Structures are given as structure tokens and as C-alpha cells.
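Residue numbers (the numbering used here), protein chains in the order written: chain A, 1 to 248; chain B, 249 to 498.
Be aware that one or more of the hints could be misleading.
Stated by the list, open to error - In the DMTMM-like style, the derived pairs of lysine to aspartate or glutamate whose C-alpha atoms are separated by at most 25 Å in a straight line are:
hint, chain 1, residue 1, chain 2, residue 2
1, A, 8, A, 75
2, A, 8, B, 417
3, A, 161, A, 218
4, A, 161, B, 417
5, B, 259, B, 461
6, A, 161, A, 5
7, B, 259, B, 417
8, B, 259, A, 75
As the list claims (entries may be wrong) - Covered stretches of chain B (chain A as the covering partner; in silico rule of three or more C-beta atoms under 8 Å from a C-beta of chain A):
hint, stretch
9, 433-440
10, 490-496
Bear in mind the hints are in silico, worked out from the structure with no lab data behind them. Since the structure is predicted, the reported quantities are computational estimates derived from the model, not experimental observations. Backbone N, C-alpha and C define an ideal beta-carbon position, used for all residues, glycine too.
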Amino acid sequence: MLRAELIKLRRSAIWPIALALPLLAVTTGTINYANNADMLAGGWAAFNSQVVMFYGLLFFSLGIGLLAATSWRAEHRGTNWNLLLTTSRRPVTLVLAKVAATAVSVAFMQAVLVVGTLVSGAFVLRLDGGVPWQLVLVGAISIVAALPLVVVQSLLSMLLKSFAAPVAVCLAGCVLGVASVTSVGLRPLSYVLPQAINTRALNLGSTALTGSGSLTPDDVLPILLTALGLAAACVALGVAAIRWVRLR
Amino acid sequence: MTRAVVLELRKMRRLRTGPIVVLLVLAVAALSSASQFSGGTRETFDDPTAAPWAALLLTYTMMAAMTSPILTAVLASRQTDIEHAGAGWTLAATAGYTPGVLCRAKVVALSLVLLPAVALQSLLVIGAGAVAGIRAPLDAGPWIGYTTLLFLLDVAFLALHVWLAATVENQLVSVGIGMLGAFLAAFTLLIPSAVSRLIPWGYYAVIAHAAQDGDVVTYQTPPYAWIAGFLILVGAVYAFVTRRLDRIER
């Protein structure tokens, strides 16, 4: 089943978006850093903070919403859903295959972001200091941290049948996420809201967001464990939904 | 045309366009005014030179630029995607509504929904500012001007996304471009206005009625001629491309 998903993924139109979004983040970050070089404390940390500023708050999560919606779109066309229900595989296989296929494209997006940041920092801005390999680590962490949102968006796209509606729900979640990571009162929410987990993971070691935590086991482990736990819980919810919700 | 618009409004009920718009309007208003309740901002409220209303308008501009392109893309995509399922284009054409008429009716109908929504959004932001305790008198002009231009710009992007959703069946294209546009719109607030004018989504920054000048935020007059030119251009192009839609074979 995973192989079928990967074939669908390979031939889908998501690649331009998955490529353009992180490249746009790197480009805008580079321009912004170059324009304000005198105001920002120089170096890789400041540059990376500029790159993930908008990307981490909103667009990484929205991108995930789009990728998940794309992977489910084919199943809601024609009679594909009925065909899917006749499969002899267990529902959990389908849910996991969709999540895995979406996660592959999310990993691609993050790889583009990290490579783009490193290339731009080293060759365009010619930043001092060695190449910061922490960026690669943050990229890897953010893929795991994205899992809850991948599962939630996949679930929404499965249930709502519409392409754009889950993206709107994701945007509302992002807004809540921004509020939860920037305000003190809503801070607890930022530990469980998938969009906020993304923001926090991408801003590990960043200088733009206060209280974003650093790249230490104390800050990283809770994010990873909550992400995995939440993702597992949502997968269970997805399996239950396939069993009990009557679609069409 | 009127009947086509009424039909589109009927389609919205099952598309739950109303709840989606209300949800996002509330979210944007909440995000724009969240900073008003923090301690640092509150100290500026009684100080007329700090211009708390202009600062609030600038935050609102930022949030609206980041979210409006996505909102318009989502609304337009949902309203148009339904025609791809079950040969809606053909059905409507046999009833006398050609694809071009249908697309224009969709933009008009969605604009009718968006007009009160954008007005409500601005009123909510102003209300939040008043509740938070801004005592300085409100200068209504820039707020009304900004809200009007924001609405007109949303209509322009509704047209773009309805056209995209109608021509390219894969809705990833329309919504994806909306998302990339939102990114550009947010970014253009940080670059000179001369460059923003050349990027369609940059107009979300060009219509800004408030600007940061060093440490102080002041009201400013946006370049109306450029904005009017952009809107007229979009209208003309949309009239042309929807006419072309009538003649393509599906």
C-alpha cells in the first residue's frame, strides 16, 4: 500500500509547491538579512531566524496541510472511495501509508530549506564561522515534530472530502499557534497544538522568537515525545474514523 | 446575471462558506489585536504621540496581508471546485450560464459575502483596541480607507483564484499559489514600496495606511493611482479571460 502511495506521490503536482515554498523562505530571509545586516547581530543564528520567521509561524504548517490534502484528493474523485473500501488491507495500513507518503514530501521540503539556507549563507551572504551543522539537526527534528500535523491534516482531508477546507482549518490552527507561542497566557497550548509544535521545533536555537528553547536534550526531547505521542493518538483516531464514519 | 449570483449564494450553504469566513475573520481579528493586551503596549495608550491606533492598524495590515490571500484562495477554490465534479460546467451551460458567466457570478457572490466579513474584521480590531483601553481619539479616515482597499484587493484575488480553479482542475495549483502569495504579501511589507508595486500580492503592503518610521508608527497616504491601476487591470484581464473560458472545449 505504501508503494502505491509513493507512486501516486511521484506523479502528483506537489513538487513545485514543495520546492517553491522553502526556496521562497530562503530568498526572503536572505534579502531581509542583507537589508538589515547592520541591525541584526551577524552570523548564522540571526540569518536562520530570518529564514524561518514567516515559514515557521505559518507557511510550514500550511504547506503540510496542502500536501496532506493532495494525497487524499485522488481518493475522493469518482468512485475511488468505494474502491478503497473494498481493499482487504487493514484500515491502519491505509492511514499509515498516507501519513508516510505525506511525511516523505515534508522531509523533501525541509531538505530544500536546510540545503538552501546553507548554500545561501555560505555563498551569497558569505557568513563568517564554520558551517553550522545544527541546522541539519533542526531540520531533522522538525520532520518528526511535523508528524502530528501530518496525521491531523490527513484525517481532516479524509473526512471533509474537500480540498481547500482542511487548509482553512489549518490556517485557523496556525493563528491559534502564533498566539500560543507569543503570549504567556496561552503558552501551555503551544505544547499540544500541532501547528505550535512545528513553530517551536523550527525556532529551536533561534534569536527571533523569545523563549524558543535551544538545541539541548532538555528542550528537544519533550517536543519529540509529544509529537510522537500525539501522532500515534491521531492515527488511532483515523482508524476509528474509517471504521465508524460513513463517507458517501 | 442576478439569477446566476443567487444560484451561487445557494451553493454556499452546503459548502459552509459562512462558517469558514466567520472562523477566519475572528482568527485574523484576534491575532491582530492580541498584542494590545500585553503590558508594553498598554503603556503607550495614554500617550498621544505614541499613536496607538496607527500601531494597531499596522499590526492589522501585517496579519491581513499574511492571511487574506489564503482566505480568498480557499473560498474561490471551494466555490469553483464543485463544478468540476459531476459535469457542473456542462450542466450550467445547458441552463444558459456559460463558464464565463458562472465565474463572474462566483466572484460577485463571494464578494457579497466578503464585504460584511471584512467590515466586521476591522470593527472587531477597533473594538479590541477600545476594550484594551486605548484612550486616544480614533482617526476614522485611514481605517475606513484601509478596510475599503483591503476588500477591493480581496475581490481582485478572488477573481484570480476563481479563474485558476476553473482552468486547472487540480486545486493544489489555486490554493498553492494563494499560499505562496500570502508569503510574498507578508514579505513585501518589509521591502520598499517601489518593489511591492511590481508584485501582485505586494499590493497588500501598498494599501497600508500606517508605516513604521524609525521607532514611531505614523499614518500615511498610500499611492491611490497605483492601486486603482492595479484593480482596473485585474478587472479588464478577468473580463477577457472569462470570455475566453466560454470558448474552450472541456
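Requested in this report: Enumerate the violated hints, using their earlier numbering and listing them in ascending order.
Outcome: Hints 3, 5 and 10 contradicted; others consistent.
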